[in-house]
Amino acid sequence: MLLRMSTLFLRTLREDPADAEIPSHRLLLRAGYIRRAASGGYTWLPLGYRVYRNVERIVREEMDRMGAQEVHFPALLPREPYEASGRWTAYGDNMFRLKDRRGSDHLLAPTHEEMFTLLVKDLYSSYKDLPLWIYQIQTKFRDEARPRAGLLRLREFVMKDSYSFDTHDSGLDASYAAHRAAYIATFDRLGLDYVIVSAMSGAMGGSRSEEFLHPNQVGEDTFVRSAGGYAANVEAVRTPVPDPIPHDDAPAAHVEDTPDTPTIDTLVALANERFARSDRPWSAADTLKNVVVMLVHPEGSREPLVVGLPGDRDVDPKRLEAQVDPAVVEAFTEADFAANPALVKGYIGPAALGEKSSSGIRYLVDPRVVAGTRWLTGANQAGRHVFDLVCGRDFTPDGTIEAAEIKAGDPAPDGSGPLLLARGIEIGHIFQLGRKYADALDLKVLDENGKLVTVTMGSYGIGVSRAVAAVAESTHDEAGLCWPREVSPADVHIVATGKDPAVFEAAQRLAIDLVDAGLTVLYDDRRKVSPGIKFTDAELIGVPTIVTVGRGLADGVVELRDRRTDARRDLPVAEAAATIRQAIQA
RNA sequence: CGGGGUGUGGCGCAGCUUGGUAGCGCACUCGCUUUGGGAGCGAGGGGCCGCAGGUUCAAAUCCUGUCACCCCGACCA
Numbered sequence: 001m002l003l004r005m006s007t008l009f010l011r012t013l014r015e016d017p018a019d020a021e022i023p024s025h026r027l028l029l030r031a032g033y034i035r036r037a038a039s040g041g042y043t044w045l046p047l048g049y050r051v052y053r054n055v056e057r058i059v060r061e062e063m064d065r066m067g068a069q070e071v072h073f074p075a076l077l078p079r080e081p082y083e084a085s086g087r088w089t090a091y092g093d094n095m096f097r098l099k100d101r102r103g104s105d106h107l108l109a110p111t112h113e114e115m116f117t118l119l120v121k122d123l124y125s126s127y128k129d130l131p132l133w134i135y136q137i138q139t140k141f142r143d144e145a146r147p148r149a150g151l152l153r154l155r156e157f158v159m160k161d162s163y164s165f166d167t168h169d170s171g172l173d174a175s176y177a178a179h180r181a182a183y184i185a186t187f188d189r190l191g192l193d194y195v196i197v198s199a200m201s202g203a204m205g206g207s208r209s210e211e212f213l214h215p216n217q218v219g220e221d222t223f224v225r226s227a228g229g230y231a232a233n234v235e236a237v238r239t240p241v242p243d244p245i246p247h248d249d250a251p252a253a254h255v256e257d258t259p260d261t262p263t264i265d266t267l268v269a270l271a272n273e274r275f276a277r278s279d280r281p282w283s284a285a286d287t288l289k290n291v292v293v294m295l296v297h298p299e300g301s302r303e304p305l306v307v308g309l310p311g312d313r314d315v316d317p318k319r320l321e322a323q324v325d326p327a328v329v330e331a332f333t334e335a336d337f338a339a340n341p342a343l344v345k346g347y348i349g350p351a352a353l354g355e356k357s358s359s360g361i362r363y364l365v366d367p368r369v370v371a372g373t374r375w376l377t378g379a380n381q382a383g384r385h386v387f388d389l390v391c392g393r394d395f396t397p398d399g400t401i402e403a404a405e406i407k408a409g410d411p412a413p414d415g416s417g418p419l420l421l422a423r424g425i426e427i428g429h430i431f432q433l434g435r436k437y438a439d440a441l442d443l444k445v446l447d448e449n450g451k452l453v454t455v456t457m458g459s460y461g462i463g464v465s466r467a468v469a470a471v472a473e474s475t476h477d478e479a480g481l482c483w484p485r486e487v488s489p490a491d492v493h494i495v496a497t498g499k500d501p502a503v504f505e506a507a508q509r510l511a512i513d514l515v516d517a518g519l520t521v522l523y524d525d526r527r528k529v530s531p532g533i534k535f536t537d538a539e540l541i542g543v544p545t546i547v548t549v550g551r552g553l554a555d556g557v558v559e560l561r562d563r564r565t566d567a568r569r570d571l572p573v574a575e576a577a578a579t580i581r582q583a584i585q586a
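The opening position of the first sequence corresponds to residue 1 in the numbering used here, with each subsequent residue numbered one higher.
These are computed hints drawn from the structure, not numbers from a lab. We put the CB at the ideal spot given by N, CA and C, even for glycine. There could be a bad hint or two in this list.
[What the hints assert, rightly or not] What follows is a set of in silico ranges between Cβ atoms, one per label pair, in the way DEER data are often shown:
no., residue 1, residue 2, range
1, T565, P78, 53 to 61 Å
2, D513, T565, 22 to 30 Å
3, R564, G518, 46 to 54 Å
4, M1, L119, 48 to 56 Å
5, A342, G415, 39 to 47 Å
6, R302, S278, 41 to 49 Å
7, S125, P46, 29 to 37 Å
8, P317, P46, 42 to 50 Å
9, R302, Y124, 37 to 45 Å
10, R274, A335, 19 to 27 Å
11, T89, K128, 30 to 38 Å
12, R79, S6, 45 to 53 Å
13, V328, A181, 30 to 38 Å
[Claimed, not checked] For lysine to aspartate or glutamate, the following EDC-like pairs were computed, each having C-alpha atoms within a straight-line distance of at most 20 Å:
no., residue 1, residue 2
14, K121, D562
15, K436, D193
16, K99, D129
17, K436, D447
18, K318, D93
19, K444, E15
20, K99, E15
21, K345, E220
22, K128, E448
23, K345, D314
24, K436, D188
25, K444, D169
26, K534, E486
27, K436, D173
28, K318, E144
29, K345, D312
30, K318, E220
31, K534, E156
32, K121, D439
33, K436, E256
34, K499, D525
35, K499, D555
36, K318, E402
37, K407, D316
38, K128, D173
Could you put together the complete structure from these sequences and hints?
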């Protein structure tokens, strides 16, 4: 394949587009790979589409290699299957819904679990047919509240989604492992660094779930990692539980007047002023903060919940939501306080809490709040706190909850060292759906004993368009894009400089030789463009190998250059094609 | 959905405060010169000033409304 710059549908931009902030977005626009067509929707231009297809090809090859079979569904689907699974309503505003001319409801699929499940139900009815792995590479639609960051968060994007169908849990484990291995192979080929973090399966239901995150500051996912190799989604981090502390010699709890201390800061300040300790000052970590929220259960009932945690930490809303799923968390309003007089805003304490207390309000604490820990906390009266309240002696929570924020430096659950907070781009997600969809859509097969059993499923996604952005993010430099060989829009970028017709003849001959050898060549044959522009464009476009044919030709050489390292060497013209082929295949 | 910002030619921007019918750089076209790191000179083409109302003799500019887009947050298998 020969791409001539003189006729290529391409216009590079000298300046950064004003609304592009992150490197992949900025450079893909500037280098003429994509153009914005809508909020959250981009057009692939010829160079960009070549890169996109390479990424897609790699994903497809690895899926085929593992033995998955490709199918293709419509993106425009009727309401009924999603009604049956409950997602017509459960998916919320992020699903595009529309009506046809007869007024029937349709949707633009955000994901295809229902359709895959129904397809298998349609065709298969025996355990002998399983396991089955099928996938598609499809445009997905999500009405994102805020598309952003170029290709990273789109409203219309391409995803490879695959699904596994097994009779038994052990089969699901094997299917999951096979996908995990295929993803590792895929991202390795794409040249993308990743960490595999355990994740909560959230609204999808199911059990085991892991995300492949490409560590990058522009990513939207926060995860934690330790030097010892632990990595997890913040929602999935388990707090190491300290041993109980002996408290036989602990002083008795005592209530003190603490006027005007509705916040941890004011409480700590007052404690240090009026109740100073000899050994060390009071700090937020000595206080037990009791945060009240309102849970809304799926069937609509509302339940107050109090979360107790050390005062130097806040509740992490995502971690809390993940713990109470499928209930959702709402703020506790003034009206709610009025309806629950046992809760004194700013002075809530354990004595008024717990399912067995008079209020009956569920009270869950951070795992660090173990028996024997001693706290300064609310006394359930305005302007009063209780000191030396000992967990296990003076109060017993209803249980623990992983809702406190994770802080850098917290210990990793597996003892592998302190945690660091990092950001990542979610490039893949695998999880065990279990029987959620098979139950909802009644996918059953006959097992070895002639008994009907519900099939267990796994679901596995790779964001193909997002992966293009992730590769660009991870490989670019100051001058421009810098593609790994397998995804580059071309194998070689030949730059012809000067005005000597002999240069263009030699460059074209070289280009044709390389094309004949099966390579894709991007040939800058523009006659009236200055060398500076051609070099700058070549660096922007980011083909890994750049060959310059120009003034060296008089000495019988062309220059071979590595885009990434900038290493250069002269090659005799006669051997150029062979040497370049070697260099590329190496 | 909350907060902030921006809409003027393909891209980046000025003009708006103080109304007088649009300008600069890049890109594009033609000619001549130039050709190893974003060339020079000359001549050109291209803009419903996001949209709709209003004020005014006159609106890119003032007023009202509306739409779109970007950023932060919320949200997000």
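Hint check:
About 54 Å separates the C-beta atoms of T565 and P78, a value consistent with the hinted range of 53 to 61 Å. Distance hint check for D513 and T565: the Cβ-Cβ separation is about 25 Å, which falls inside the suggested range of 22 to 30 Å. For the hinted restraint 46 to 54 Å between R564 and G518, the CB-CB distance of approximately 23 Å leaves it violated. One distance hint, 48 to 56 Å for the beta-carbon pair M1 and L119, is violated here, with the actual separation near 36 Å.
Between A342 and G415 the Cβ separation comes to about 40 Å, which falls inside the hinted range of 39 to 47 Å. A hinted range of 41 to 49 Å for the beta carbons of R302 and S278 is consistent with their spacing of about 46 Å. Look at S125 against P46: about 47 Å separates their beta carbons, and that is not inside 29 to 37 Å. One distance hint, 42 to 50 Å for the beta-carbon pair P317 and P46, holds here, with the actual separation near 44 Å.
A beta carbon spacing of about 43 Å between R302 and Y124 agrees with the range 37 to 45 Å that was offered as a hint. Between R274 and A335 the C-beta distance comes to about 34 Å, which lies outside the given range of 19 to 27 Å. Roughly 37 Å separates the CB atoms of T89 and K128, a value that falls within the hinted 30 to 38 Å. Judged by the Cβ atoms, the range 45 to 53 Å given for R79 and S6 holds: they are separated by roughly 51 Å.
Against the hinted window of 30 to 38 Å, the Cβ-Cβ separation of V328 and A181 comes to about 36 Å, which satisfies the hint. At roughly 53 Å between alpha-carbon atoms, K121 and D562 are farther apart than 20 Å, so this suggested pair is violated. Of the pairs offered as hints, the one joining K436 and D193 is violated, with about 32 Å between alpha carbons and a cut-off of 20 Å exceeded. Our distance criterion of 20 Å between C-alpha atoms is broken by K99 and D129, whose separation comes to about 37 Å.
For the proposed pair K436 and D447, the alpha carbon gap of about 19 Å is at most 20 Å, so the pair holds. About 19 Å separates the Cα atoms of K318 and D93, which keeps this hinted pair within 20 Å; it holds. Taken as a hint, the K444 and E15 pair is broken in the structure, with Cα atoms around 58 Å apart against an allowance of 20 Å. This hinted pair does not check out: K99 and E15 have alpha carbons roughly 43 Å apart, beyond 20 Å.
As the CA atoms of K345 and E220 are separated by approximately 34 Å, the hinted pair breaks the 20 Å bound. At most 20 Å may separate the alpha-carbon atoms for a hinted pair to count; K128 and E448 meet this at roughly 8 Å. A C-alpha spacing of about 17 Å is found between K345 and D314, which places the hinted pair at or below 20 Å, so the restraint holds. Of the supplied pair hints, the one linking K436 and D188 is violated, its CA atoms being roughly 32 Å apart against a limit of 20 Å.
Taking the CA atoms of K444 and D169, the gap is near 14 Å; set against the 20 Å cutoff, the hint holds. For the proposed pair K534 and E486, the alpha carbon gap of about 23 Å is over 20 Å, so the pair is violated. In summary, the hint linking K436 to D173 is supported, as the alpha carbons are separated by about 16 Å, within the 20 Å threshold. Distance restraint check for K318 and E144: the Cα-Cα separation of roughly 18 Å lies within the 20 Å cut-off, and the hinted pair is therefore satisfied.
Under the criterion of a C-alpha separation no larger than 20 Å, the hint pairing K345 with D312 is consistent with the structure, at around 18 Å. With a CA separation close to 13 Å, the supplied pair K318 and E220 stays within the 20 Å bound. Restraint check: the Cα-Cα separation between K534 and E156 comes to about 34 Å, which exceeds 20 Å; the hinted pair is violated. Distance hint between K121 and D439 is fulfilled; the C-alpha atoms sit about 11 Å from each other, no more than 20 Å.
Note on K436 and E256: the hinted pairing is violated, with a Cα-Cα distance of about 53 Å set against a maximum of 20 Å. Between K499 and D525 the alpha-carbon distance is near 11 Å, which keeps this suggested pair within the 20 Å criterion. Only pairs whose Cα atoms come within 20 Å are accepted, and K499 paired with D555 is accepted, the gap being roughly 17 Å. For the hint linking K318 to E402, the alpha-carbon distance of about 10 Å falls within 20 Å, and the restraint holds.
Between K407 and D316 the CA atoms are separated by roughly 11 Å; this keeps the pair inside 20 Å, and the hint holds. Of the supplied pair hints, the one linking K128 and D173 holds, its CA atoms being roughly 18 Å apart against a limit of 20 Å.
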